[in-house]
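Chemist: Chain by chain, the residues run as shown.
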Amino acid sequence: MVTITEDRVRELLWSVSDPEIPVLSIMDMGIVRKVELADSHVLVTITPTYSGCPAMDEISSDIKKRLAEHDIDCKIISVLSPAWTTDWITQEGRKKLEDYGIAAPLDETADKKALLENERIVRCTNCGSTNTVMVSQFGSTACKALFKCQDCLEPFDYFKCL
Amino acid sequence: MSQQDKEQLYQYLLLLGDNAMILGHRLSELCGHGPSLETDIALTNISLDLFGQTRSYFQYAASLRDESVTEDSIAFLRFPGEYRNVLLVEQPNTDFAYVITRQFLFDNFHHLLLTKLSESSDENIAAIANKSIKEVSYHLRFSSEWMKRLGDGTEESRQKIQEAVNYLIPYAGELTKTCEVERSIADRGIGIESGSLTDAYWQNVSTVLKEATLDMPEIGWSQSGGKDGIHSEHMGYILADLQYMQRAYPNMNW
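Going down the list, the protein sequences come from chains A and B.
Just so you know, we're using my numbering here: the first sequence kicks off at 1 and counts up by one.
Just so you know, we're using my numbering here: the second sequence kicks off at 1001 and counts up by one.
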């Protein structure tokens, strides 16, 4: 029998994908906050990206299902504090987002520039142009805004800074 | 926590949750009916945020009662007089100008309130506020931008948004009117008296109205009663819609 370790559980969690952005693992998203081993089960602490994120129930059941496949019994705790931030998305996750066609949240330096100049620079995921405009702050899901490229004219999603 | 303290906290959580739920419901009515695809999506996104916040408050509230009380029973099984939302959020979606003005008047208050609640001595409320404020910053920006776009837009858009402002301003006063529940909760450092936000609130509102080239109506007498459970005629219709499934099929689950 394989001994359950925290690392083993984390490894399994890497294969649980975000229901709304299937190319990303919930680990990439920074949704999993803690993994603890208890006597008879594993305790997984998760946090929602947005208060109303409709994916939370699905994520919980996906985690349970994945761990159950390896005979691991788990309990899920959902916490709000500290509040999730886009900074928790891994570098690898950002790259996967871009490849998937969703512009990743701007890094801090870019955001400061955006504050000063009152506009954000978001690179088109299709052609790479920075000549883009925001169409709407609210996109196809709570965590995304809708942008349009002025050069290739393609619309694309941008993962909002939170 | 003493029984009385628990009850006060419970009532305070209803006060916070009901505003979010009823406004969330009003916005959800616009799903598929927004004036453009982008605004439709934006308004329903805001609705979803508000429902998420509502759930956080109601889950916490339910934990203070026995097991027969759940977030769903709090949301769906109360009578009109037991809802503590302000009258502003139950006002109908008359037209886009009314929708935006109602949102703008609420968002300004909501943002100020959450800023204070993020320092609440109650760690659950502080956590909910810290989470929600990030979302509400986006709501406030959205509604403020539309106030400016419509106010400083065409002759027709200006006339319509001014009409909505004139109609809804008398409902805004209730937001910053301290009620009994708030008084007791403020003493314990858990929440605040909304009255303490009055100056900051009107300052923020009038700044945006000015930028939007809109006239600020004189703030005099204001409509109130919602916080004490006395609602406008719209509330019954909202609840008939909102509670239909639970009343028709008790204990049904999704």
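Simulated from the structure, these hints should not be mistaken for lab results.
Hints are supplied without guarantee of correctness; some may be wrong.
To be verified - Simulated crosslink set (DMTMM-like; lysine to aspartate or glutamate; CA at most 20 Å straight-line):
hint	chain 1	residue 1	chain 2	residue 2
1	B	Lys1116	B	Asp1040
2	B	Lys1210	B	Glu1163
3	A	Lys64	A	Glu11
4	A	Lys75	A	Glu58
5	B	Lys1134	A	Glu11
6	B	Lys1210	B	Glu1193
7	A	Lys148	B	Glu1038
8	A	Lys148	B	Asp1040
9	A	Lys34	A	Asp73
Chemist: Broken hints, numbered, in rising order?
Modeler: Of the numbered hints given earlier, those the structure breaks are 1, 5, 6, listed in rising order.
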